[in-house]
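*Asks:* Letter by letter, the chains look like this.
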Amino acid sequence: MDNKTVLQFQSLSSLVDPTFWYSLTKEKIDNIKLSDVPLDIYGYYSYNSLQSSKSNDNIKVPSFLQLNSNSLTNEIIPSFSFPMKGLLKNTNTIEDFQKLDKKGLFEKVSKKIWDSILNGEAIKCPSLLNQFLLISFSDLKKYKYYYWFAFPALLLENPIYLTNTQLLSDYLNKNELQSLHENYQKLLEIPDNIKKGIPGYFLLKKDDNNHVKVGTLSEWEMFKSDDKNKTIVGFADPCVLPNNPGWLIRNLIVLLKKKWNVSKVTILCYREIAGEYADLSQCKLMDIEISGEELSDNLPKSVGWEKNIKGQFGPRLANLGPTMDPNKLIESAVDLNLKLMRWRIMPSLDLEKISSTKCLLLGAGTLGSYVARSLMAWGIRHITFVDNGTISYSNPVRQPLYEFQDCLNGGKPKAETAAESLKRIFPGIHSKGYKFTIPMPGHSEDKNVIKTNVELLEKLIEEHDAIFLLMDSRESRWLPTVIGASKGKIVINAALGFDSYLVMRHGAKDIDDNSLPTNHGSKLGCYFCNDIVAPVDSLKDRTLDQQCTVTRPGLSAIASANAVELLISIINSPDGINSKADASSSPFEKTPTPLGLIPHQIRGFLTHFNNLLVVGQKFAQCTACSKIILEEYQKNGVEFVQKIVSTPDYLEQLTGLDNLHKEGELLNCDWVDDDDDDIDSI
Amino acid sequence: MVHVSIKNQYITYEEFKEFSQNFLRKSKILNYQWEWIEEPKNKKGFLKLIQYSEISKDKLNRHELLEDDDEIYNIIINKNEYNEIQLKDEGVLTEDSNDIKIFWEWHIVYSSVFQVPTLFFNAWDEEHNPIDILNNRDIFPIKPLNTPIITQKDHPILGIPYYYIHPCTTGQNMNKLYNIEMKDQLTCSMQEVDTIGKKENSLKDLSNDDIYNNYIASWLSTTGFLKVDIKYFLL
Ligand SMILES: [Zn+2]
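Line by line, the protein sequences give chains D and E. Every letter in the first sequence is one number past the one before it in the UniProt record's numbering, and letter 403, counting from 1, is 403. Every letter in the second sequence is one number past the one before it in the UniProt record's numbering, and letter 143, counting from 1, is 143.
Bound-form chain D, shown alone:
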């Protein structure tokens, strides 16, 4: 190489092992606390950067300054590495980080380096040339660390020129290389040498007896006095590029200029590949020119801020939440469990869609408790409860979200307590509880209260994707059925008898397309389609799902689990709410979707440990989901509901049910009394 080119140095990059942040966090909590006095820390760089290249020929590790758990104490220096002393300025708030006098701190470190050159300390302890700056803000609550490194390099007025590059193995013969390596090892073995960084910057010179002398910077004059062969300045180089030395020689070059006014010198980029036999084949010699006048004592300018991952000057961010934050750990564990199901059994499982489904649970009793727990197990993160009750002494043993303590002093409100309970079980859940009474036909109530509650319920249904009807009275299901149908939400209904239960999905909005099969999702009925009476105040003890109904204790968990699994099947089906309703089939038959059948209604009989799948179509005169009711509701909203509350018969007038009754052809029916065949034919 004849042409001289400007010598360019490869920047040093930082690599912070999480163990550094762990130990800083611990130190901060135990000792440092709120003090933000700068701390001395130690980083390490390796001259054995090529070690990994052996395990893969194409890979070369670039220059890294590494911090790890030893960086606060410097007790253990990793093998093949030298320490670099750093100044850590950690702030307690983000505002303090913002306000930090970054240029001032940078200059402070530059000045330390310059002073060590002026007073000659750097000759005795060359690691002083490598001092660096680390500024950080640790968000200990979120385990997030905002940090920025600077590796100040003092600047000369003129550029440094590269005049020649040569492999060390072309300059030294085999014996000389061996001699160099042996003498270098001796330098490494002297106690404290590594801590001072002495083998990081050294001198070498060959003599004519196949021998290479290795010495420290303090021996400069002695080396220079023997001018038979050139004095070479070596430095442990983490860089692996062919024509560029690493960043860490920059301050040494300034030292050479300032102390000894060196203008031409050969440098050795010492790049050893350690191992069975030391391999020096990657070592490079570079002849450089340091032009310009002698340096004054004034602090030179300096550069060395590290760029972030986007390639800009600015802080970096390490987020250790996923590995340190217990809240994050439980979240990932929940997801992991579900992903295993996808990986092992069902690749088509759309976990993202499932977990992002927002669920509104109307009723926070036995059904509400079990439904919430099963939803959480499916990774659903958003569960809202509505219930107007308080927790009574009979609740905790049957309703797994409550405990004895919740019953004391008149009992806590159910909805809020259920939400709190979910958060205790899994902090990643978004859960809220609302205590109010859902307006019901025949349950007269103040008009303003009705208005507030209708509007609140409308808002809640609007904000959620799936609505569970889990109340203990039939009439309270009416309004959410109307609103749910009107807004096209998935509505899942569960009702309990003593030893039988009903779980069903409400049909989707009618599409008015006669070509669709009768079991198409839009053709399916709602909870009220099967009754031929309007919901009224149920003092007559007509239905099974009323207050104080006694049920076999296991029934609720079974029905709730079925309700949740039905929802999951709907969500995971490409047709969603419009999925066709499947009828019962043999467990050995193939199912239309990987998760299985998507029924309309599941009727369970605990007496026989048996389930029946039933398909029921929309009833044109339904008091909840028929066209006329929905139109009326959409037109008159709150007023319509107010009217229904005070005069429930109006429902029957609207739908024409009253005429049917008059004809006397149909009697009071209740789902549990019906034969399956009858339902299908209604």
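A few of these clues could be false.
Which stretches of chain D does chain E cover? Using the computed rule of at least three CB atoms under 8 Å from a CB of chain E, they are [what the hints assert, rightly or not]:
1) 89 to 100
2) 269 to 277
3) 314 to 322
4) 326 to 334
Facing chain D, according to a computed beta carbon distance under 8 Å, are these residues of chain E, among others [claimed, not checked]:
5) 29
6) 92
7) 129
8) 130
9) 133
10) 154
11) 157
12) 161
These aren't lab readings, by the way, just hints derived from the structure by calculation. Since we're looking at a predicted model, the values are computed, not measured. Yeah, the Cβ is synthetic: ideal placement off N, Cα and C, and Gly gets one too.
With chain D held as given, fit chain E with the ligand onto it using these hints.
*Replies:* Just chain E with the ligand now, kept in the frame of chain D:
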């Protein structure tokens, strides 16, 4: 002492630990930076290696930078002073930054269920943001010939999620590797073997103890994710 029976390559934790020490001793000589990490709480340890690779940004699927949706970060990064913080200096080498540096953390962990070593790993970028391996199955530094089942699982010792290679066939592989004639099996399992001229002699000399001294290296070669230096078997 090695207690492994010739007919069964399932090992105990104590044997795993012993084999690991052998592996570490050779790794040190060969300059492979495997370490033994022991958790003080349960006194169980595992082998760890950090490996480095680079990949072009556009080859990585959905590598969303965490910074992008971190509120605090967005506050502190949008400062004009940063643009002027560094002086111009022609001595700085400007490098092509279209690559993402990836750090691979490989762990060899004993599985008490399968009674064989299992390979756990994670991949990080420079700032320790995790790389989503399941959406980036092509970025391994070495691609195994047969892609094994990779899933995520809580690390049995560290208790945090890592990717891992399911060990269901490891026992059988190890049986195959050992039961049939030693040298043939080793040749099959390691591609590099051909390049070493003196392999025949060296392998013939292996005594039974030596064979098990190389248990970890042999096992590692069956995973296909890390190149196993033939010198492990020659030392
Ligand atoms: Zn209906």
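*Asks:* Against this structure, judge whether each hint is valid.
*Replies:* Do the hints match the structure? See the list:
no., hint, in the structure
1, 89 to 100, "holds (count 3)"
2, 269 to 277, "holds (count 4)"
3, 314 to 322, "holds (count 8)"
4, 326 to 334, "holds (count 3)"
5, 29, "holds, 5 Å"
6, 92, "holds, 6 Å"
7, 129, "holds, 7 Å"
8, 130, "holds, 6 Å"
9, 133, "violated, 12 Å"
10, 154, "holds, 7 Å"
11, 157, "violated, 13 Å"
12, 161, "holds, 5 Å"
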